[in-house]
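Each protein sequence line maps, in turn, to chains A and B. Here my numbering is used: the first residue of the first sequence is 1, the next is one more, and so on. Here my numbering is used: the first residue of the second sequence is 1, the next is one more, and so on.
Hints listed in this document are in silico derivations from the structure and should not be mistaken for laboratory results. There could be a bad hint or two in this list.
[Unchecked claim] If you want a taste of the chain A side facing chain B, the calculated C-beta under 7 Å gives, among others:
hint, residue
1, 4
2, 11
3, 18
4, 22
5, 47
In this text, a Cβ means the ideal position worked out from N, Cα and C, and glycines have one as well.
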Amino acid sequence: MEALDGNAIGGLLLEVFGAEMTAARGVCASCGAAGPVAETVVYLQAPGTVVRCRSCTSVLMVMVDVRGIRCVDLRGVTELEP
Amino acid sequence: MRTIVLDTPVWPGHRAGQHLDVRLTAEDGYRAEREYSIASAPSEPVAITVERLDDGEVSPYLTEELRRGDEIELRGPIGGYFVWDPEDDSPLLLVAGGSGIVPLRAMLRHRRRSESDVPVRLLYSARSLADVIYRAELDEPADGIEVAYTLTREQPPGWTGYARRVDQELLEEIAWPAEDGALAFVCGPTSFVEAVANGLVELGYPPARVKTERFGATGS
């Protein structure tokens, strides 16, 4: 599956956070790399949406819809500033 | 390829480079959602340019079925990173692969309508001349805009433009020198964007001045 980038989940993040997040600065919990969400590596149907660090490839965020409930795992990011 | 102008009764206004999501719901409740870059300047009606993908769920409908007056569900505008604002007066470098030209076209139109005079260089990679979108307007660019095409698969007889995939030499030839402090926007298929963005950083562009947007398949 081809990797996209954080621009591709702008709409999803808008739903989850209620704010524009592609320009938000995130910090990777694994390697400490900081950068805009737009520059992350995104897999859209992994299943669910998987967001990885462009520097170390660690998982930053996972968003999955399970039986109508949206589950959001943000354990891979230490900071996220819109 | 079809450009669709949308009448958006509730629209907060968009920025050049943003996209929107189109959501289609079938009679049985099945939903499909796709994002499309906005092709028009902020001061123009919202328009999207849709490429028909044979195995697509949304694009065949938008390119063939949709009629004037039909209603579709939209979400947007979306994105705040891959956007150009005329208040940034740095020279602009725009690099498009295939339909990656769409958000860059919005920037070009915005530049004209906002009477910005920032110098622009556009490098547009397409498979063939027939695949070049917006060719009529790109062939007559406003003052201060230089357009270069590279046709990667097929060139018409007598073609004098570039005829290869974007490589380092081509980038070096077209891109503003790093010391000019240019702002670059690169949009296209993932592998295209990675090659160009890495190439620009190699030429001395700070990574933060190279804004990228990758989308899935389709050629450059």
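Verification of the supplied hints:
1. At a threshold of 7 Å, the smallest CB-CB gap from residue 4 of chain A to chain B is about 5 Å, leaving the interface hint in force.
2. Checking residue 11 of chain A against chain B: minimum C-beta separation of about 4 Å stays under 7 Å; hint holds.
3. Interface hint at residue 18 of chain A: violated, since its Cβ lies 13 Å from the closest Cβ of chain B, which is beyond the 7 Å cut-off.
4. Interface hint status for residue 22 of chain A: upheld, as the beta-carbon distance to the closest one in chain B is roughly 4 Å, under 7 Å.
5. Against a cut-off of 7 Å between C-beta atoms, the interface hint on residue 47 of chain A is violated, since the closest Cβ of chain B lies about 16 Å away.
Violation of the numbered hints given earlier is confined to hints 3, 5; the remaining hints are satisfied by the structure.
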